[in-house]
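**Student:** In the order they appear, the protein sequences are chains F and Y. The letter at position 337 of the first sequence is residue 337 when you use the working numbering, and the numbering goes up by one with no holes. The letter at position 535 of the second sequence is residue 535 when you use the working numbering, and the numbering goes up by one with no holes.
Keep in mind that the hints were calculated from the coordinates and are not lab data. It should be emphasised that the depicted structure is a prediction, and the values quoted were computed from it without experimental measurement. Any given hint could be a false lead.
[Stated by the list, open to error] Which residues of chain F face chain Y? A few of them, derived with a C-beta cut under 10 angstroms, are: (1) PRO25; (2) GLY50; (3) THR110; (4) ARG113; (5) MET167; (6) ALA351; (7) MET376; (8) PHE454.
Don't be surprised by glycine CBs; every beta carbon is placed ideally from N, CA and C.
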Amino acid sequence: MKRYKFILSILTVAMLTACSLTEEPPFLSRENVFENLANARTGLKGVYSGLASWKNYSYGAHALYNGFSGFYVARTWRGLKDHNNQTLFALKPQANSREVEDVWFANYLTISRCNDIIATIQPIENPQTDNERGINDVLGQAYFIRAFEYFNLVRLWGDIPLRLEPMNNSNIHKPKSPAKDVYAQIISDAENAIKYIFPHSEQLTGFVGKEAANMLLAKVYMTLATADPGLQEVTPQEYWQKAYDEAIQVYGKYSLVSNFATLWGETSGDNTPENIFEVQFNDIAGAGMVRYYTPRGATKGKNTWGRVAVNVEIYDDHVATYPGDPRIESDYTTSYVDVVKNKVVDLYPLAARKPWRFIFSFPMPYKYFVKDPNLMTNTNYKNFIIYRYADLLLMLSEISNELQNGEEMKYVTEVLQRVGLSPQPGYYNGQDAFREAIMKEYRYELFGELQSVFNERRRGAEWFQTHVIDVHNNAPTFDPKIDIKYEVTAEEAMILPIPSSEINTNQEINN
Amino acid sequence: MLMKTLISFFILSMITSLTFAQIMIKGRVTDESGDPIPGVNIYIKGTTKGTVSDMKGKYQLEAKEGQTIVFNFIGYEKKEVVVGRKPVINVKLKEKTTELSETVVVGYGSMRKSDLTGSTVSVKVRDDVAKQYPTVDQMLRGRAAGVQVVSNDGNIGSGISVRIRGTNSLRSNNEPLYVVDGIVITTAGEDAAATSDFNDLSQNQNGLNGINPKDIESIEVLKDASATAIYGSRGANGVILITTKKGKSGTSKINTYYSASFTEISKKLDVLDGVDYAQYQNEVSLLSNGQPKYYIKDGDVYGYQDGELLPEPYRQVDWQDFAYRAGISHNAGISASGGSKKGTYYVSASYNNINGVTENTNMQTGDFRLNLTRKLNEKLSLDTRVSLFYSNGFFPQTATKLGANGSFVKSTINSNPLIGADVEDFMTELQMSNPYSWIYDYREKSKEFKTFLSMSLNYKLPVKGLRFQLRTAGNNRIKDRRKFYGLTTYQGASSNGSLSMATQEKWAWNINNLLLYDRTFNKTHHINGMVGYVYDGSYMEDKLYRVEDFTTTEFTVDGPQYGTMVTHPLNVIPRSEAMNSFLARGNYSYKNKYIATATFRADGSSKFAEGNRYGYFPSFSVAWRITEESFMQSLGLFSNLKLRAGWGQTGNQAIRPYQTVTTYAVTMYANPDNSTGNSFVPANIANPDLTWETTTQGNVGVDLGFINNRITATVDLYSKQTDDLLQMVALPKSTGYKRMYINRGTITNKGVDVSVNAVAVQTKDLTVSIGGNFSVNRNKIVDLGIPDAPIYIDGKEEQRSYYLGDNISTGNTFKCPANIFMAGEPVGMIWGFKTDGIYQSNDTTAATYGKEPGDVKILDLNNDGKIDEHDRTFLGDPNPDFVYGFNMSISYKRFTLDMDWNGVYGNDIVNGMGLSYYMATGYQSNIHPAAYHEAWRPDRETNRFPRIGYREIGAIAITDRLIEDGSYLRLNNLTVGYDVPLESLFKQFHLYASVRNLLTITNYSGYDPNVTSFLWNGNIQGVDWNPFPNAKTYIVGVNINF
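Produce the entire structure from the sequences given, and follow the hints as far as they go.
**Tutor:** Below is the structure:
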């Protein structure tokens, strides 16, 4: 009987001391992740790593923005029959194509990380200590990157879901907001960014200075100045003025590197005085874009692809406009050494154009081509520069031309002087000719830097039709067996379809 | 008349004269298998004279002719023998199998079989058949009504899926709960995580390794809620109770066995040979640029280089012949058991060396088990079980979500059959990874060590019928899985060698405190009851690591130090889980006629937030044994007739922990000085509202027995409804997250399970038993918790609640979902375009849709002049109409023959391979011969295969051309055995020969209608994508008992 009692009491004790069921996850959580400046900065790097992710500037953005720009062709042996050459590169992207899905996701992924920071970090009014200013700076950069990503999204897709809160299980389904509301939010975020981010001169290397937000805002106003009237709150001229007011804030805060080519070296282009906004890569947290730009055999590494080549009229136009321009060598390559087979591979114009020699029938973009043939892997440590000072100078010229404030020649001259050129004759033939010239200048200076997909559409469908589609289809070099014929109207090619997966899963979006 | 009297007198006098002769009777008492039974009570009927058998079962007793000797021993049927003239009387005692005394294992205890009120099936497999299987799941195939097993023999160690009574849940894990000797085994659905790229489709390897079929005494499959509710929040998918063998008191038994097997793939797929392939490619080239690619002469194929004909012809290879071989495997083991009144032992060990169907496949396993029982004193007894399992193996690459190159299996079909020259366009992906590189340049190694320990202490309390049981158990699993991609594989080429390493360590522990009660009052009331408290805890750690850029690739999986670039620094992911449960069961039987059972369990799980943490799972059931009624007994028709009815609730909480809080993970981001830094990123969306899904099930059944139970049958009807489905839903990408768990929706399963067993012939020399089972299950999504939205079905717009399944591939081929989940429809209906043959050149509608003659004619169901997502409709149903199995066992003298068949009828399969295999896409990829030879051509219009160059790359939906009937009937196992007459040396010497997967009758054109792709993805159903071929195995073996 004694034993009986003993066992019963053990049982009772066991029942009463039933173990705790409260989870204590051995990870950081939203509650404690930004609690001090060091952690907050590491969280901010999480936002930057969203920009650096495979689907964003590591690879996905290159695949989408190039494909949709009208400047390129997918470089595969399947030639024009290649799926990409029949869809995205033919300016007919599909709602389920990987490029469309990936960039959509990557932008929102980065935005959701920004939202966590913006909702969690309270701005400190009148910050006194470095710590307090640092916290504000983290918050400001989150605003900047959120504005930047929404600006990409709204230009590519038009009306889109506007998500500003951290995700929880009740705000998953969200309808599209009108593009006008998205622009308003971008402007407000960029203004907050300007308010909180350190100036470039005081900023840590690797993070943006507040001038990046001025530059972004200038781009937003330039876009709105030539946008559909439905998106405009003020007159185009007022937008140009606002754009000028922002862009001029950046003037003189950065400088051009003396040698254009150094920007495109494996490491020489990282964090230069010209870079305003860039994504950091190294050999471990590397960029996949090397596979996209470097053909197989150009390095000892296996399985790079070289997926993209340049429409010949783009190359020909640059050569014709600025013969001897040193930028040509940085922008394109017309031959490379196959280090595996140890032979020189010639491309257009050195190689003849033939359907069965499709991949040799185009020059290739060269800025992100791996220059070190000994590289064994397919990731690269070269940073990707999103905004650089030369772009800002060209913007100032374009804006000044629209405002006719007399400064238009000054900035573009600075850009061209660096490469030993003087402005082409078009700049001297009045406002319209200047506009044509400066819009071309973006192509030459920023070739391949993922801006053209936006710049060429910024002035509307008609501009895109006459400057990209028609120019390509009517080029003297056009060969229907080798070149993609753009069979869409510019109107159809202005924005991308909302990705199928979004329509399938978001209960508030049906088309 | 006189004659008769005389004879009877004569006989009578003879008998009386004989009865007076006293003789010494000697003999031996054994059980049916010939083992001696010591301690048998042996006495002469009507006297007090008697004796007891000794340790060898021998006895001596003086008796007179005509007297009756009674042999009596507990647990055996009493036997009476009339003494004749022979002085030797050997007796075999039959074990008692009357239903009344037969006990079966139920959740947390055991019960008289006659008292069962729920739906359970015992799976009985002959010993020599059981020994052929490495894992339990394969043994279950076709054996029990309502149990569907999907696995692939060809790919050793591959994942499995066992479904009891259909799909309960839209989440991936629908596996039943496995309970071994009362201990819940949680590893069935777990594996070391993969660190490979996101395309990797490597599935969980079989988590049931280590539960060796040869050690299994009995398997009970609990199907309805009244049987499974005692497992509460983990019982919804059914429960499989496994009891391992124990020793029996008596002399020791030793069993040893060996078998050798020979495995080959059971099917090859036809592809073009070298010459036809060259012709095909030439035709493609002529169509596009007018230049032939190859020159064909006398059965040789030559290539061109820079316009010049190469002097040497290409080698022509049949890649499937090259890739697959016949694997020879060995299996050996030994077991010993025995014991005394004080205690028993069972000890076993075995070794397997399995060689798979590719050269890089080999697995070695070893296991050991020790089961000990010991009576410590009259009241206290101890039961200890220890088992260890070790495996070490190399596996073939299984699959990838990518369309073209990442997969070994696909490469054996797609690869160019012409090799030998350095083809200029080697750079295109299709040429990248060929079968050769997958076999010689890919290594997947996996090592596993498992330990199970359990100890149970039984104490008889001073109240009659009441005992206390304390059972504690611990199990530990360490699994290390590594994959190495060499330089010629697609994945390795891009990284200069890539090695990923994943380790999973898991410790689980479990404490059961049970008070058990079992007693009969006045022979009319029988009560069996239990109350208890159970604590389950586990801690698991996943470690992931990947390194690339190798200085030497010679050491493959063993040389991580030769990798120079760590692309995935060591990542440790810990998880802990805990559950508190309170449970009770009462079973009452009145006069063995009327039986009622009630169970209750309360579970508290750490996976859910406070407020949602506790769940309550009741069940009630009743039974009526009509055969016990006197009116029925007088009828004499049935030897058993029992009606059962039950209702109950069970749950499912098989999700990862930490889903109710937002956690942050660490990813790498480069520092400006090009060093690598950390960054914090959110890892999930918290869902504090999560709770378990609840399944409510009603069951009505009848058990029948005829002719002394030589024929038995069971029929069950059930209806299940699962609410609050726990789903891993795909999130809109605009959330910035991919997936999260939510509770949403309701599905129902209704069905019938029938099983029949009969001993058809039973004579001295010949026994024939036949068993069969048949089950029908219909599932339906009742509610998805998603608002209705417009959707076109068969061309008409409707408002329905639905979502689409996951995209199949990450490449461009099959980059669309194949399934739709829609309220009011069965789970996972196949969704896509309907077609009507091929556009012929006189068909003027082709141009309207931007098509050309020779293209597949996709129907514009809504007649709006374009083919888009609104033209999709239901194409098929991946759920079978019924599944069935039957088996037959014949023994004639010394021969035995066993046969197992199982089948599935009426399900549709999406044969994903068709997109590249049944279409002459014009890529440099090999295809089915008819797809080329019978392709549509302007001068030879056909309606079966499209033109050369037609492809559906990047299409938004599949067409019905991919849908095939998945019905099949398979002879799983055919075993012939022979007992060699060597009784002088061995107790038994049994030889057998067996074939597994000998025959499959099916119209399915892919490798195997038993589809194993995406077993672990609830959002993809019935899609066959880069499957591994199934295998046929020939076995010879010997079983020796000492």
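**Student:** Hints first: check each against the structure and report whether it holds.
**Tutor:** The hints, checked one at a time:
Checking PRO25 of chain F against chain Y: minimum C-beta separation of about 4 angstroms stays under 10 angstroms; hint holds. Interface restraint check for GLY50 of chain F: the shortest CB-CB distance to chain Y comes to about 7 angstroms, inside 10 angstroms, so the restraint holds. Residue-level restraint check for THR110 of chain F holds (minimum Cβ-Cβ distance to chain Y is 7 angstroms; threshold 10 angstroms). Because the closest C-beta pair between ARG113 of chain F and chain Y is about 6 angstroms apart, less than 10 angstroms, the hint holds.
Hint status for MET167 of chain F relative to chain Y: holds, with the closest Cβ pair at about 5 angstroms, below 10 angstroms. The beta carbon of ALA351 of chain F comes no nearer than 13 angstroms to any beta carbon in chain Y, farther than 10 angstroms, and the hint placing it at the interface is violated. Interface hint at MET376 of chain F: satisfied, since its Cβ lies 4 angstroms from the closest Cβ of chain Y, which is below the 10 angstroms cut-off. With a cut of 10 angstroms, the hint placing PHE454 of chain F at the interface with chain Y is violated, because the nearest CB-to-CB distance is about 20 angstroms.
This entry does not satisfy hints 6 and 8, going by the numbered hints stated previously.
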